[in-house]
Structure formats: structure tokens, C-alpha cells
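> Protein chains in written order, with my numbering: chain A, 1 to 155; chain B, 156 to 295.
Because the hints were derived from the structure by calculation, they are not lab data. Certain hints may be false.
What the hints assert, rightly or not - If you anchor each label on the Cβ, the simulated ranges turn out as follows:
1. A:F54 x B:E204: 20 to 30 Å
2. B:R157 x A:E34: 30 to 40 Å
3. B:M156 x A:R21: 38 to 48 Å
What the hints assert, rightly or not - Straight-line Cα separation of at most 27 Å, BS3-like style, residue types lysine-lysine; simulated pairs:
4. B:K172 x B:K159
5. A:K58 x A:K6
6. B:K178 x A:K106
7. A:K96 x B:K159
8. A:K68 x B:K172
9. B:K237 x A:K96
10. B:K280 x B:K172
11. A:K6 x B:K237
12. A:K6 x A:K109
13. A:K116 x B:K280
14. A:K106 x A:K58
15. A:K109 x A:K96
16. A:K120 x A:K106
17. B:K237 x A:K109
18. B:K237 x B:K159
Being a predicted model, the structure only gives us computed values, none of them experimental. Where is the CB? At the ideal position from N, CA and C, for every residue including glycine.
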Amino acid sequence: MSQDEKIIFPVEATHIMMFRRSIGDYSVPDTGLEDAAAPPTFPRAVAQFDPNYFLRMKPGEAWFGSGKNPSGVDGKPGSSGGLHAEQHFEFVRPIKPGDVLTVTQKPGKTWEKESKRAGKLLFEEAIMEYRDPAGELVCTSRSVRVTTERPVDQK
Amino acid sequence: MRLKANEISVGDTYEDKLVEDLKRTQLVMYSGTSGDYNPLHTDDVYCREAAGYPGVFAHGMLTMGMAGRVITDRFGAENVKKFGVRFTNQVWPGDDLNGKAVVEAVREEAGETLVDLTVTATNQKGDVVVSGYATARVDR
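Isolated chain A (complex conformation) (with noise of 0.2 Å):
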């Protein structure tokens, strides 16, 4: 998402319990998840609410994808991929559903660095504020994104 735009992000109970299966939190009853918090990572599933997220399929543009050729993006893609190298949650409150949060985001501090398994990295921070109808802030998200030259070596 770019600077100064705002997502709404409407919290419902079902994407809770289907986020909660995805990472194995058993923790609340099918029964009882009405009313259950969202686990702490979940901010991050704002992605599904981003008109523009980048890392979804949309109708008519090309995708990075395998379909007949092991990427749908005419050559080679441009890099290895985006990977994701921190991530800090502060919450003032919890997540609920029923929630109905307004989620922009502010660039934060760019880096450098050298790495033997990767090549040169570029460190991108992001920092989103989810707010309530009447503007208090309800949870702070900073990402850190580093972006390789090539592969991680795996060795």
C-alpha cells in the first residue's frame, strides 16, 4: 500500500478461525470463536483488504506465477523476491471481530548491507497504524522487507 492511503479492514470472526486453523491455533473452541481475540500476527491479513496488494492474482495483469511456463512474467523475474526480515507488533488493545479498522501505512528507514549467502541486501522498514472508527490507535505494525541479488544460498 503506498503512503496516505487508508484500508478499511472489517474483522470477522470466520477469517479469524480460518487464520487461527492456518497456523495450528487450536487454542479456542470452533464454538467459542465469536468473540475471541485474533492472534497477534494477524494485522498482517489487511493484505486481503489492499485493492492494490501486490502478492494477489487481479484480473487482466500478468502474474509471477507458473501456468504453462514456470513464470507467467515474460523472462526471468526482475529478483529473487521480496523476503520478509522482521516484524514487530505493539498492540494498545486487542483485535476483535466486529473490529472495523482504518490501516495506513508510513515509510520508515532504508539500509544497505552485504551478505556472503545472498549478495547485496536492501533493507526497506514499514510501519502501519490500525485505527478504530473514532481514530484511537489500536495496534502498530513494523515490518522490515530486504529485498536479495540472488538466491540464499542454502548451503
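Mind docking chain B on chain A? Use the hints.
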């Protein structure tokens, strides 16, 4: 079972098996719920033939989400005040992951009892895959 303040001491260690033999299907499940459909996590052909990886690997956020269970299972998701990690190694299908949290402090702040913990997840080779911290509110 939720822990109460009088059951927590500095140095207490909580350990859980987060996943055994991580399945590609779980990566697909996480893509579906998080909205992160990066083919690096679901598309072996793309990984091998276009991106230069041996195959799909887990979303960092899936590993972080699994590691968070060590905290939320004991203190409740509604009580987490802070949770942060660095992703230090990739996680692959077939991996076994263990989560560990160690109590670093139990303190009072603004009328609440808080517990500070370090959080790590480690694979079957002993490599740390995420390393971080959490702070949770505790019932007295």
C-alpha cells in the same frame, strides 16, 4: 490454561512442538488466510525454474504465527501487548519446529502486571528460524 502472576518467575521456560513434518498444504492454508499469495510459498515449479530456490518455503509470518502460540496458549491472544521477531533462517516443507519462550521479567506498569519474554523457534537441525520477544498482560 492461562498462567497467573503468582505462577510466573524469571527464568521460567515454556516449550512447545509447533509443527512436525510441515506440509505444503499448511503453506497453502496460510496463503489463503493471510492474503500473501507469493508463489515462493505455494508454487514449486516457479521456485525451482524461475526463482532459483529448491522448492517452496514457508512464509516468515506463518513461522511467526506458529511461534506466537507459545505465548497465546499461556497468556491469551487478548493479553499480548508486544510481539516481534527477526527471521533468521528459512523454513521448508518437512521441517519440525519447536517454540521456546523464556521469562525475562515480571513487572508492574500502569496498574497491570506484565511479563516480558524472549521467543525463539528452532528447526530439527537446531537452527534458530525466528528470534524475538513478547510482552503479555497477566492476571493477578
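> Now tell me, hint by hint, if it's right for this structure.
We went through each hint and held it up to the structure:
| no. | hint | result |
| --- | --- | --- |
| 1 | A:F54 x B:E204: 20 to 30 Å | 21 Å, holds |
| 2 | B:R157 x A:E34: 30 to 40 Å | 19 Å, violated |
| 3 | B:M156 x A:R21: 38 to 48 Å | 21 Å, violated |
| 4 | B:K172 x B:K159 | 23 Å, holds |
| 5 | A:K58 x A:K6 | 20 Å, holds |
| 6 | B:K178 x A:K106 | 35 Å, violated |
| 7 | A:K96 x B:K159 | 23 Å, holds |
| 8 | A:K68 x B:K172 | 39 Å, violated |
| 9 | B:K237 x A:K96 | 16 Å, holds |
| 10 | B:K280 x B:K172 | 14 Å, holds |
| 11 | A:K6 x B:K237 | 24 Å, holds |
| 12 | A:K6 x A:K109 | 21 Å, holds |
| 13 | A:K116 x B:K280 | 21 Å, holds |
| 14 | A:K106 x A:K58 | 25 Å, holds |
| 15 | A:K109 x A:K96 | 31 Å, violated |
| 16 | A:K120 x A:K106 | 25 Å, holds |
| 17 | B:K237 x A:K109 | 21 Å, holds |
| 18 | B:K237 x B:K159 | 18 Å, holds |
Hint violations for this structure: numbers 2, 3, 6, 8 and 15, all remaining hints satisfied.
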